[in-house]
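Asks: Using the sequences provided together with the hints, build the complete structure.
By numbering that gives the first Met the number 0, the letter at position 27 of the first sequence is numbered 26, and the numbering carries on one by one without gaps.
By construction, these hints were calculated from the structure, which means they are not laboratory data.
Treat the hints loosely; a few may be bogus.
[Stated by the list, open to error] Cross-link-like lysine-lysine pairs, in silico, DSSO-like; alpha carbons within 30 Å at most:
| hint | residue 1 | residue 2 |
| --- | --- | --- |
| 1 | 168 | 1 |
| 2 | 1 | 188 |
| 3 | 124 | 168 |
| 4 | 11 | 244 |
| 5 | 69 | 11 |
| 6 | 244 | 69 |
| 7 | 251 | 188 |
| 8 | 11 | 124 |
| 9 | 1 | 11 |
| 10 | 59 | 251 |
| 11 | 69 | 188 |
| 12 | 188 | 99 |
| 13 | 99 | 1 |
| 14 | 188 | 244 |
| 15 | 99 | 251 |
| 16 | 188 | 168 |
| 17 | 251 | 69 |
| 18 | 69 | 1 |
| 19 | 124 | 59 |
| 20 | 244 | 59 |
| 21 | 59 | 69 |
| 22 | 188 | 124 |
| 23 | 124 | 251 |
| 24 | 99 | 69 |
| 25 | 244 | 168 |
| 26 | 168 | 11 |
[Unchecked claim] Label-pair restraints from in silico Cβ distances:
| hint | residue 1 | residue 2 | range |
| --- | --- | --- | --- |
| 27 | 217 | 101 | 37 to 47 Å |
| 28 | 100 | 9 | 32 to 42 Å |
| 29 | 47 | 162 | 24 to 34 Å |
A virtual CB, placed ideally from N, CA and C, is assigned to each residue, including glycine.
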Amino acid sequence: MKIATWNVNSIKARLHAVTAWLEAEQPDIACLQEIKTVDDGFPRLEIEAMGYQVETHGQKSYNGVALLSKFPLEDIRRGLPGDDGDDQARYIEAVASTDKGAVRVASIYLPNGNPVLEDPIASPKYTYKLDWMTRLRAHALDLLQHEEPLVLAGDYNVIPRPGDTHDPKGWWGDALFRQETLDAFHALKHIGLYDMFDQFDGRDGQYTFWDYQGGAWQNNLGIRIDHLLCSPQAIDRAEGITIHKSTREGVKPSDHVPVVGHFDL
DNA sequence: ATGACCGATTGCATCGGA
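Replies: Right under this line is the structure:
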């Protein structure tokens with residue numbers, strides 16, 4: 000089965016690109032980020048007509064995540080636990096029942112975190128990012144206790160390695176690529192999660208995002224920030240990862256491209 | 001040279017994104 004993650008940068012603006020890609024690629028589960036609409040605004044009927052169960056966690060204007068699945072979804076959780084005052088829609092999780100068993104999947108839109116001010120820990124947006132990563136780690140630790148296939152897929156807004164950007168020196172210090180961010184990302188993985196890209200690819204320069212500005216796409220000035228993290232039970236059944244770079248060429252593309260994990264699940 | 005983009009909003013500019 001194929002589990003995909005894609006930051007679509009508005010599902011309404013991207014509906015044609017998304018349906019065309021779903022039709023061509025036929026992922027079994029798609030984790031979407033930045034749907035940028037409330038739940039009622041999501042083009043549910045169009046996606047359901049393609050054979051998907053649709054579960055959303057939206058909000059007005061910004062953020063918003065969704066799960067699309069050809070397998071039935073249950074145990075749906077909206078919102079990341081750990082802060083009742085957090086009203087940003089950045090996390091949705093569910094269990095998909097497949098022919099061979101079950102897999103728990105989350106669609107994650109991790110905060111960007113910029114700007115980082117002179118005092119990083121006095122920067123509201125950056126501390127929100129770090130706190131969110133701490134909460135994600137705590138929640139993932141709970142989920143790992145199930146000892147079942149688990150895939151945490153999404154836009155992590157983390158550049159894991161220097162080879163994941165065209166300009167590591169230029170990016171260093173940004174909220175996506177600085178020591179506190181990498182420490183938090185490592186702390187998340189070190190509870191026992193496996194990054195599919197590390198397991199199955201590992202090459203430098205395999206970007207998932209190109210800015211709309213400055214001819215970034217035309218000059219291949221990208222970054223790799225969309226990731227799939229797996230529990231041991233999921234990585235044991237994983238077969239590969241594919242970055243769908245060609246979607247960045249289309250009419251009205253998202254600035255992110257889909258990343259697809261292949262599994263024997 | 002993030003000056004040069006894109007999307008959402010009740011707007012006729014501003015904010016957020018990365």
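Asks: So, for every hint listed, does it hold in this structure?
Replies: Each hint, compared with the structure:
1. 168 - 1: violated (35 Å)
2. 1 - 188: holds (22 Å)
3. 124 - 168: holds (22 Å)
4. 11 - 244: Distance of about 21 Å is within 30 Å: holds.
5. 69 - 11: holds (21 Å)
6. 244 - 69: holds (24 Å)
7. 251 - 188: Given that 30 Å is the threshold and the Cα spacing comes to 34 Å, the pair is violated.
8. 11 - 124: The given pair, whose Cα atoms are some 27 Å apart, holds under the 30 Å limit.
9. 1 - 11: The given pair, whose Cα atoms are some 24 Å apart, holds under the 30 Å limit.
10. 59 - 251: holds (22 Å)
11. 69 - 188: holds (28 Å)
12. 188 - 99: Since the Cα atoms of residue 188 and residue 99 sit roughly 26 Å apart, the hinted pair holds (cutoff 30 Å).
13. 99 - 1: At roughly 14 Å apart (the allowed maximum being 30 Å), residue 1 and residue 99 satisfy the hint.
14. 188 - 244: Measuring from Cα to Cα gives roughly 25 Å; hence the hint holds.
15. 99 - 251: Violated - the C-alpha atoms of residue 251 and residue 99 are around 38 Å apart, more than 30 Å.
16. 188 - 168: holds (24 Å)
17. 251 - 69: At roughly 26 Å apart (the allowed maximum being 30 Å), residue 69 and residue 251 satisfy the hint.
18. 69 - 1: holds (10 Å)
19. 124 - 59: holds (19 Å)
20. 244 - 59: Roughly 29 Å between the alpha carbons, so the hint for residue 244 and residue 59 holds.
21. 59 - 69: holds (27 Å)
22. 188 - 124: holds (23 Å)
23. 124 - 251: Given that 30 Å is the threshold and the Cα spacing comes to 29 Å, the pair holds.
24. 99 - 69: holds (14 Å)
25. 244 - 168: Status holds; Cα separation ~24 Å.
26. 168 - 11: violated (36 Å)
27. 217 - 101: 37 to 47 Å: holds (43 Å)
28. 100 - 9: 32 to 42 Å: holds (34 Å)
29. 47 - 162: 24 to 34 Å: Roughly 40 Å apart at Cβ, these two residues miss the hinted range, so it is violated.
Of the numbered hints stated above, those contradicted by the structure are hints 1, 7, 15, 26 and 29, listed in ascending order.
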